[in-house]
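A.B. asks: Work out the full structure, taking the sequences as your base and the hints as a guide.
Residues per chain are reported as follows:
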Amino acid sequence: MIAIVIVTPKPVVNDPQGVTVKQGLASLGFSEVSDVRIGKYIELKLEESSEHAARERVEAMCRQLLANHVIEDFRFDIVRDGRR
Amino acid sequence: MIAIVIVTPKPVVNDPQGVTVKQGLASLGFSEVSDVRIGKYIELKLEESSEHAARERVEAMCRQLLANHVIEDFRFDIVRDGRR
Amino acid sequence: MKFGVVVFPGTWSDRDCGWVIDQVLGAELTYLWHKDTDLKGCDCVILPGGFAYGDYLRTGAIARFAPVMEKIGEFADRGGLVWGICNGFQVLCEAGLLPGALIRNASLEFRCEWTNLVVERTDLPFTSKCGEREVLHAPIAHGEGSYFADPATLSRLEQRGQVVFRYCDATGRVVPGANPNGSLHNIAGIVNARGNVLGMMPHPERCSETELGGTDGLKLFRSVAENALQVLVS
Amino acid sequence: MDERRLREVALTPDEYKVIVERLRRAPNEVELGMLGVLWSEHCSYKSSKPLLRRLPSSGPGVLQGPGENAGAITIGEGWAAVFKIESHNHPSAIEPYQGAATGVGGIIRDVIAMGARPIALLDSLRFGPLPESSRHFEGVVAGIGGYGNCIGIPTVGGEIYFDECYTNNPLVNAMCVGLVRTDELMRARAEGTGNSLMLVGADTGRDGIHGASFASVELDDNSSQRRPAVQVGNPFLEKCLLEACMDLSHTDAVVAIQDLGAAGLTSAVAECAGRVEGAGAVIDVAQVPRRERGMTPYEVMLSESQERMLVVVQRGREREVESIFNAWDLTSAVIGQVTDDGLLTVVDGSDQVGRLPITLLTDGAPVRRLVGIAPDPPFGLEIDALPPLADAGGTLLRLLASPNLSSRRGVFRRYDHMVGDATIVPPGGDAAMLRVKGTKLGLAMTTDCNARYCHLDPHLGAQLAVAEAARNIVATGARPLAVTDCLNFANPDRPEVYWELEETIAGLAYACRTMELPVVSGNVSLYNESFPTRGEGGPAQSARPDGVGQSAIYPTPVVGMIGLIDDYSKRLGAGLRAEGDFVLMIGSTHNDLGGTEYLKVEHGHVAGRPPALDLTREQAVNRVVLAAAQSGYLHSAHDCAEGGMLVALAECCLLGGIGVRCPAVRPEAPLRLDAAFFGESQSRFIVSVTSRAMPEMQSLARRHNVELSLLGLAGGDTLEFEGQLKLTLAELRQAWDVLVP
Ligand SMILES: Nc1ncnc2c1ncn2[C@@H]1O[C@H](COP(=O)(O)OP(=O)(O)O)[C@@H](O)[C@H]1O
Ligand SMILES: [Mg+2]
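Residue numbers (this note's numbering), protein chains in the order written: chain A, 12 to 95; chain B, 12 to 95; chain C, 749 to 982; chain D, 26 to 766.
It is possible that some hints are incorrect.
[Said to hold, decoys possible] Within a straight-line C-alpha distance of at most 30 Å, the following computed DSSO-like cross-link-like pairs (lysine-lysine) qualify: (1) B/K21 x A/K56; (2) B/K21 x A/K21; (3) D/K465 x C/K750; (4) C/K877 x C/K788; (5) A/K51 x C/K783; (6) C/K788 x C/K750; (7) C/K750 x D/K462; (8) A/K21 x B/K51; (9) B/K51 x A/K56; (10) C/K819 x C/K877; (11) C/K788 x D/K462.
Please keep in mind that the hints were generated in silico from the structure rather than gathered at the bench.
C.D. replies: This is the structure in structure tokens:
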């Protein structure tokens, strides 16, 4: 089973990287981009057969390690096949 | 329109961060995790009305700036509403 | 008076701190291995600079689960002195021993340079040898030292006087131009409410000898050396 | 043999013939691959070996010259300095961040293999002009910092130049300096039949297969197909490896440590065994911990995965070693044994997959006898045709702002240059200096090379590089001790390029011999030449005005040097220290305008002969500075390099935060005013002294027959030459401290 975890900076937190990438895109001529937010994409391969159990475990991983709730939000999906 | 870009290290490329996080998870008792790959999640807000046009532009952004094609792969989705 | 310097895999200021404690200050020193489950009778535990576990995922994120951290948490609860420097500050925030978080420098660049710090608390065991609003000259070396806390936390910190060091200019003025990393309110170091857990991004162990460019950092080590016992007693 | 297959492993049909003759059979696939990498230019030095022998490599104090992973020299108090420089040019051209990062990782492991603790890094960099080359520049600088900062070794020095000829071939040379007790110096020799070979560190993946042979061919449009050759470094793992290896030195269970670099396991085992007469090894690839499934023996033997070390362990004591690695959470595995049959035997479990004589691998590559032909000399310079200097102040500001001369603060503040609590002369001046903790010793270090000089005259240019490095060491008050060099050249199959290589090595050898500087380690990087690529490589540029190769780099022999001061309290910085000090010039000035930055920036020429060099005078000037520093007369010292006297003086002011007032300069004919201000005459220092020390300085200079002149008085916040120029420090700083954009 594969879990796809997305960790994003909370909206109140400055995202200097996002700002820089936006400027970079603009200087390349992609001025239609009005906002950029950059977060983390984490793919976990799990030896777990029940989706329900997997969901609980991944939630715990996110709370404990994968995201820092002071500055980040997280969400995740469980997929069976790999890449979605 | 919102584009969600996922940039991941190419499968053949070493991902020291993923390996270290996997070990970290294991030491927390999440030993069911057999593999971790860590990439970037990039959310772009676009002033573009046609999905087709947006798709072409985002593809170009990925090639030119967002992904380093030497060591990374990318994929993206165009969504209308924001978070998917 | 015994200092314990924690070593995680990837820590590199351990020997620098050890050098200052042992060779410059002449105090008792022991290293605490991340797998240790006992603090060997230390009066002050230092979490030094480095890239524990490569700082992969987030700075300090993995380190804070090391076995030694549980003991350090208990030690802090008992009023023991805990001092996080650079990476150590990041670990303390991740571990919840200090509020807030340290995020990527606003410049997106690693910065290794001298800064000026105004000392806002001199009643702490870490700063008792500093003068009121004294300006210390101390180097930083980090890529993720921008202090962040949500507005409520930040105003609580300010109200309770938990900000210990702020980046300032040479005359002590806290101005935006003196802020090397985008920290909120120019924050360079904070203490917990009880006053026994200090976190700071600048490196006092790099400015404790004249040949390295200054000795302001030694004032902090001296303060701890003199005060540690009293704090434990109180 | 299929020619395509031969090309893939970078062997020529003639070389293949030699292999078959020596083996008396055809090599199998695995053997062919192993020979291919070890016979590549990168590993075998087949084009440069005969020339390299000309370099002086011995001298008092040399504990280890070329032939080991790094050189070593005693510095007193029981300590030895271990150091080496290495290139990572081709990987950095393709993936600047990771290429530079893994270059740093590689040179650190060379120093670790000698049993030394790495204490400092330096980086010598060359790029095409900005902003076109900013992808290379930004990526490389970030990669060097990314690795060095994370592992906790300070990056204390280096150099950066920009020139069209590096547009497609950036140069990334990294130097590492380490310290070891002289009696704990290790050598990577596979001694002791039956001893175990342990592999430790990262798991082995399909990284960089054919990386070594890849570094030995020109880049072309097809390079993109080899791109999986890029490796991602893991400085965190290397930090653990470093500490574990330091712990190993406390046990006598370990016979030797060898890093895995280019050509991976094949090269590490062959080199280690090759250093011991008659030694061989058996390697079982099945025992090698892997990162990926389904790897073939071929891939395991050729993988260039980073952060791995080979350890030769006393038989029966593997557990002890394993437990040291376990403490650092490092994977280790026994993968083979030392034998006495002189063969490298590769098995996969019970199957033998290859067996080659060690000497065939390490020494078998036929030396290539190339011919050198001097190209037409670069066009000359009519000095008299240059217009007289119109606006000294404006010229100074333009020179200070030129990317080759402007402040490097914006770069070195991205590097942790303080970790270790030993940096006592930080980057920004001439050489850096680190203290040897627990002693009064100061170790100075620098890298230098003005490739424009080398292009105009390789023989002289190489000497100038040595002289300048020595001068930078001397400016800190330290005496030059020993050299490591990195020879970056274009394709030596071109007679003009081979000639440059010959001339350069002759020049290096002459200067090092004259100055009594042993060359204890080094590296050669050839084929730094590429056809302008379309797309990401940047716009097509024709680089060298003389037409040598469309896109060949200048000959760039980077000289890394270390020096020693016995009492570091006598060390010197470049910046002025006190108002009222006398600011003096030691050495004499001539019409040396050829190849100068002034000529390029103000007149658009790269022409003429580089500045003249008289090594006897050079040494006399160095002796004056060192004697004055020893006696405590000097408050500061800075050498005059690119940009000449006026740029050097401006730097003295800016670094010290103090101005200087000077009377007008009225050069005597035939000396020109522009040459007096901006000419790059060699063997010159700007020093500051108190008025009290003047008589001593004068007699010292007289005794050594060296010219000494008063430039002006330190003080105020302007740099002024009466009636000729007057600029505030703020104006100077604004021009200089733009950093590279
Ligand atoms: N230009 C040079 N000058 C002196 N010695 C050199 C030079 N180039 C290479 N060497 C020496 O040749 C040996 C092999 O070099 P190299 O293959 O770069 O080392 P490694 O195998 O450690 O990567 C080393 O001992 C090195 O010091
Ligand atoms: Mg080596």
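A.B. asks: Would the hint linking B/K21 and A/K21 be met if the CA-CA limit is 30 Å?
C.D. replies: Cα-Cα ~28 Å, so holds.
A.B. asks: Can the restraint linking C/K788 and D/K462 be considered satisfied, given a maximum Cα separation of 30 Å?
C.D. replies: With Cα atoms ~27 Å apart, C/K788 and D/K462 stay inside 30 Å; holds.
A.B. asks: Take the C-alpha atoms of B/K21 and A/K56, compute the straight-line distance between them, and say whether it is at most 30 Å.
C.D. replies: holds, 16 Å
A.B. asks: With the threshold set at 30 Å, check whether the alpha-carbon distance from A/K51 to C/K783 stays at or below it.
C.D. replies: holds, 29 Å
A.B. asks: Would you mind confirming whether the straight-line C-alpha gap from C/K819 to C/K877 stays at or under 30 Å?
C.D. replies: OK: C/K819 and C/K877 at ~28 Å, within 30 Å.
A.B. asks: If you draw a straight line from the CA of D/K465 to the CA of C/K750, is it 30 Å or shorter?
C.D. replies: holds, 28 Å
A.B. asks: Keeping to a limit of 30 Å between CA atoms, is the pair of C/K788 and C/K750 held or broken?
C.D. replies: holds, 9 Å
A.B. asks: Within a Cα-Cα threshold of 30 Å, do C/K877 and C/K788 meet the stated pairing?
C.D. replies: At roughly 27 Å apart (the allowed maximum being 30 Å), C/K788 and C/K877 satisfy the hint.
A.B. asks: Under the criterion that the straight-line Cα-Cα distance not exceed 30 Å, is the pair B/K51, A/K56 satisfied?
C.D. replies: With a Cα-Cα distance of about 17 Å, the restraint between B/K51 and A/K56 holds, given a limit of 30 Å.
A.B. asks: Within a Cα-Cα threshold of 30 Å, do A/K21 and B/K51 meet the stated pairing?
C.D. replies: Roughly 16 Å separates the two Cα atoms, so the pair holds.
A.B. asks: Taking 30 Å as the top limit, are the C-alpha atoms of C/K750 and D/K462 close enough?
C.D. replies: holds, 23 Å
When the structure is compared with the earlier hints, no violation turns up for any of them.
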